[in-house]
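Asker: Chain by chain, the residues:
6 protein chains.
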Amino acid sequence: MKSQLSHLDADGAARMVDVSTKAPSARSASARAVVALPPVCVRSLRAGPGSPKGDVLQVARIAGIQAAKRTHELIPLCHPLAITGVAVDLRLVAARIEILATVRCAGPTGVEMEALTAASVAALTVYDMLKALSHDLVIGPVELLEKTGGKSGAIRRRRSAP
Amino acid sequence: MKSQLSHLDADGAARMVDVSTKAPSARSASARAVVALPPVCVRSLRAGPGSPKGDVLQVARIAGIQAAKRTHELIPLCHPLAITGVAVDLRLVAARIEILATVRCAGPTGVEMEALTAASVAALTVYDMLKALSHDLVIGPVELLEKTGGKSGAIRRRRSAP
Amino acid sequence: MKSQLSHLDADGAARMVDVSTKAPSARSASARAVVALPPVCVRSLRAGPGSPKGDVLQVARIAGIQAAKRTHELIPLCHPLAITGVAVDLRLVAARIEILATVRCAGPTGVEMEALTAASVAALTVYDMLKALSHDLVIGPVELLEKTGGKSGAIRRRRSAP
Amino acid sequence: MKSQLSHLDADGAARMVDVSTKAPSARSASARAVVALPPVCVRSLRAGPGSPKGDVLQVARIAGIQAAKRTHELIPLCHPLAITGVAVDLRLVAARIEILATVRCAGPTGVEMEALTAASVAALTVYDMLKALSHDLVIGPVELLEKTGGKSGAIRRRRSAP
Amino acid sequence: MKSQLSHLDADGAARMVDVSTKAPSARSASARAVVALPPVCVRSLRAGPGSPKGDVLQVARIAGIQAAKRTHELIPLCHPLAITGVAVDLRLVAARIEILATVRCAGPTGVEMEALTAASVAALTVYDMLKALSHDLVIGPVELLEKTGGKSGAIRRRRSAP
Amino acid sequence: MKSQLSHLDADGAARMVDVSTKAPSARSASARAVVALPPVCVRSLRAGPGSPKGDVLQVARIAGIQAAKRTHELIPLCHPLAITGVAVDLRLVAARIEILATVRCAGPTGVEMEALTAASVAALTVYDMLKALSHDLVIGPVELLEKTGGKSGAIRRRRSAP
Numbered sequence: 537m538k539s540q541l542s543h544l545d546a547d548g549a550a551r552m553v554d555v556s557t558k559a560p561s562a563r564s565a566s567a568r569a570v571v572a573l574p575p576v577c578v579r580s581l582r583a584g585p586g587s588p589k590g591d592v593l594q595v596a597r598i599a600g601i602q603a604a605k606r607t608h609e610l611i612p613l614c615h616p617l618a619i620t621g622v623a624v625d626l627r628l629v630a631a632r633i634e635i636l637a638t639v640r641c642a643g644p645t646g647v648e649m650e651a652l653t654a655a656s657v658a659a660l661t662v663y664d665m666l667k668a669l670s671h672d673l674v675i676g677p678v679e680l681l682e683k684t685g686g687k688s689g690a691i692r693r694r695r696s697a698p
Numbered sequence: 537m538k539s540q541l542s543h544l545d546a547d548g549a550a551r552m553v554d555v556s557t558k559a560p561s562a563r564s565a566s567a568r569a570v571v572a573l574p575p576v577c578v579r580s581l582r583a584g585p586g587s588p589k590g591d592v593l594q595v596a597r598i599a600g601i602q603a604a605k606r607t608h609e610l611i612p613l614c615h616p617l618a619i620t621g622v623a624v625d626l627r628l629v630a631a632r633i634e635i636l637a638t639v640r641c642a643g644p645t646g647v648e649m650e651a652l653t654a655a656s657v658a659a660l661t662v663y664d665m666l667k668a669l670s671h672d673l674v675i676g677p678v679e680l681l682e683k684t685g686g687k688s689g690a691i692r693r694r695r696s697a698p
Numbered sequence: 537m538k539s540q541l542s543h544l545d546a547d548g549a550a551r552m553v554d555v556s557t558k559a560p561s562a563r564s565a566s567a568r569a570v571v572a573l574p575p576v577c578v579r580s581l582r583a584g585p586g587s588p589k590g591d592v593l594q595v596a597r598i599a600g601i602q603a604a605k606r607t608h609e610l611i612p613l614c615h616p617l618a619i620t621g622v623a624v625d626l627r628l629v630a631a632r633i634e635i636l637a638t639v640r641c642a643g644p645t646g647v648e649m650e651a652l653t654a655a656s657v658a659a660l661t662v663y664d665m666l667k668a669l670s671h672d673l674v675i676g677p678v679e680l681l682e683k684t685g686g687k688s689g690a691i692r693r694r695r696s697a698p
Numbered sequence: 537m538k539s540q541l542s543h544l545d546a547d548g549a550a551r552m553v554d555v556s557t558k559a560p561s562a563r564s565a566s567a568r569a570v571v572a573l574p575p576v577c578v579r580s581l582r583a584g585p586g587s588p589k590g591d592v593l594q595v596a597r598i599a600g601i602q603a604a605k606r607t608h609e610l611i612p613l614c615h616p617l618a619i620t621g622v623a624v625d626l627r628l629v630a631a632r633i634e635i636l637a638t639v640r641c642a643g644p645t646g647v648e649m650e651a652l653t654a655a656s657v658a659a660l661t662v663y664d665m666l667k668a669l670s671h672d673l674v675i676g677p678v679e680l681l682e683k684t685g686g687k688s689g690a691i692r693r694r695r696s697a698p
Numbered sequence: 537m538k539s540q541l542s543h544l545d546a547d548g549a550a551r552m553v554d555v556s557t558k559a560p561s562a563r564s565a566s567a568r569a570v571v572a573l574p575p576v577c578v579r580s581l582r583a584g585p586g587s588p589k590g591d592v593l594q595v596a597r598i599a600g601i602q603a604a605k606r607t608h609e610l611i612p613l614c615h616p617l618a619i620t621g622v623a624v625d626l627r628l629v630a631a632r633i634e635i636l637a638t639v640r641c642a643g644p645t646g647v648e649m650e651a652l653t654a655a656s657v658a659a660l661t662v663y664d665m666l667k668a669l670s671h672d673l674v675i676g677p678v679e680l681l682e683k684t685g686g687k688s689g690a691i692r693r694r695r696s697a698p
Numbered sequence: 537m538k539s540q541l542s543h544l545d546a547d548g549a550a551r552m553v554d555v556s557t558k559a560p561s562a563r564s565a566s567a568r569a570v571v572a573l574p575p576v577c578v579r580s581l582r583a584g585p586g587s588p589k590g591d592v593l594q595v596a597r598i599a600g601i602q603a604a605k606r607t608h609e610l611i612p613l614c615h616p617l618a619i620t621g622v623a624v625d626l627r628l629v630a631a632r633i634e635i636l637a638t639v640r641c642a643g644p645t646g647v648e649m650e651a652l653t654a655a656s657v658a659a660l661t662v663y664d665m666l667k668a669l670s671h672d673l674v675i676g677p678v679e680l681l682e683k684t685g686g687k688s689g690a691i692r693r694r695r696s697a698p
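Respectively, the protein sequence lines represent chains P, A, D, W, H and Y. Here the first sequence is numbered in my numbering, starting from 537 and rising by one per residue. Here the second sequence is numbered in my numbering, starting from 537 and rising by one per residue. Here the third sequence is numbered in my numbering, starting from 537 and rising by one per residue. Here the fourth sequence is numbered in my numbering, starting from 537 and rising by one per residue. Here the fifth sequence is numbered in my numbering, starting from 537 and rising by one per residue. Here the sixth sequence is numbered in my numbering, starting from 537 and rising by one per residue.
Honestly, the hints are just simulated from the structure, not real lab data. Among the hints, a few may not be true.
Pairs count within a copy or across copies, as identical chains cannot be separated in the list.
[As the list claims (entries may be wrong)] Straight-line distance between alpha carbons at most 25 Å, and here's what the computed BS3-like set of lysine-lysine pairs gives: (1) K667 - K558; (2) K558 - K687; (3) K667 - K687; (4) K589 - K558; (5) K589 - K667; (6) K589 - K687.
Keep in mind the model is a prediction, meaning the values are calculated, not measured.
With the rest of the complex left out, here is chain P (with noise of 0.2 Å):
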């Protein structure tokens, strides 16, 4: 079974994946990531012209790009790779913040880890931003909506509900 993983060699060792002899190729993964709010949230992000929300999303969109950037000091195993882009999207949706996180790279492994960790480091910073009002925000859930690139070719996932 363990030879399946291939983070692991056959003794359960640890290994960062030999990708030397794989092609570089164009690659991008999109991942999303969930924030739900209790009421008092959501009613500080939502009274209107003079609330937080520009300014909350606003950190939580930088704070998850730099963490696209930092993906391989976090996962242990991940590879360094020379990310060609970010994106991170996040919208207030009824009672819940949706955070979508797009990377890119020109390399020889995919960017999934890369793009949840960008969705997942931008809602550990919504929660942190509004904390102060409430500790009931509950992350999730985090999940893969696509990648493309790479030989197994193009992953579509359906997002989990809500």
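Could you slot chains A, D, W, H and Y onto chain P? The hints should help.
Answerer: Showing chains A, D, W, H and Y alone in chain P's frame:
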């Protein structure tokens, strides 16, 4: 409304809240993250004596511990804190991995974000270790369970389903 | 002469000065950085309701706050410090952006370098955000305005022109 | 107006510009930073054979080289780049230190920010090394001198006074 | 003599060597580090089924892999490189732990320093994990075993005793 | 046996030991690293007035000081500590470079790993600076010489040969 969000000043400008006058006190926080696994991953982890379960969980545990130390680099407005202890516990329960991260420090602000970051990065690392089998892993809920210390005293939250 | 430079020993060898016996005290420092803008940048930032001014300044503000936390990684002989507050204020005044960074900590050494680093990195980020319009931005003066706390007491400097 | 700033989309949301389709090319950039010194610092650096000048400049040079490698961590929307060379030259000229930083890479975007960051951090390090003598050092101008490579071709700027 | 040291220019100024014109090629390097263990550590690691050996070595292995990715942050004049694979093997042999680190990349410079850094940090982590038992661990020799790729071709070194 | 290793719990799970209840105290640690040099390197460093010795040692010294500050990022289970002083001394003795690193802090745990990390990274930097001449440099022994402070009191070790 804005003034309730301590990370934004009256004009919406982001800031790191001044905690210079808060006395340091012993603090702890526990957070939980869940990774829902597709059947192929459950089968691999439950494959018996030769299964990669222990190795996958050990790598994720270390990633979570290290991430707690980097929280202030990832979340723009978090204070750097002298963390005095981190434990990250991972368990395979039914078709999901349950992650519990507990962080301690003696400082002027709480460690909720450190616990949530440790749990999130451990979850992302589980994803990375298993994604060769499937991309149908979904992270969430990620939530605070408990926090102690500080002026506001202890908070205990009920865990979300599942 | 050399012995007056605390970061070099009698042989010119670099060292991180031993502050083990200095009592921690409340300290603050404020630094200023100016970015002189060419007309095309001023016009863009003053374009009215749809202008990018707020967004450019918010990104620079966050970069400055984060840089304060990394000062000891950038400046080789700086001590790591438990910063307790950072505020970075940016204003468009005539044809320049005025940046004021204030950093606080309770520790054995001052936070001048943290304030100067926050102001400098905020200025570099303004440059990065506007360089698609022109490369004729010029950063400076970058200077200390004030510092409080520590044995040497308060220092207040007059700001340079412009 | 906003659309001219490539780091902001039509709604003012920050993004890391997608350079996936730009062909890598050889690029270089040179930036200059000046540190104006008060007389006590000039006297110390010019004290003759035993002066700390060489040591101060060597520490600042190394800090500048290392900072070039961290530009994408400091400036939120900068791409990570595979830098292929960095030189930081520091000279004591009259009552100021003149810093010239040159960075090279083969990639899809320019290295202006890397050169400006190297020069700025070298200047901050000079400040840190000399601040035991006086806080009257002033950094600036910090400016781009030249850039080559890329679609827009070479740019050469005249240096500001002094 | 100085000109033979590529990291110093004719005046002794440190620089990151310009490799802009070197064609990227497949490269690998292997390094070895030894940790000599006092008897109390050997007994603990050899205690049979319940021994901590596997866990100690797994933590050290992950630390070594992660350190390879940070080599250019630690060694001032190293180039940032897009590492394509890292394996760190640790074995308990008689009264010492033998560490073998192998790093691969496709780039313009070799990965000797990455392999040596991975081996060294794995050794330091073994030390950290066992120091509660004794401080009589000694690290060394740490040395290059082999390097391939690049203009200078393959180098193979004989391992030192023990 | 396992319970003697404080970094592993009863199940072998890695953890950052909880030091919340340990009182901070003044602590120091000194570590030594040796780099054995092949003749070509010794000749280059001993070449007289124009020799690169001072520059090579200064770069390595700075790298060692900076590495002490990053120990908790490199060694997974180390606590972040507010280091209050670092000195790294390098000397050319016969055919080897002797490195002595001393680290101080006021905290709840010792700084042995910080001293060992500073010495190791200084040694790796010496290697990097000289590897254009030969790859026959060998690092080791790297060992603790002394530690003071904390409940266990002072430890003094005899240095290994050579």
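Asker: Looking back at the hints listed earlier, which ones does the structure fail to meet?
Answerer: Checked against the structure, the hints that fail are numbers 4, 6, while the rest are satisfied.
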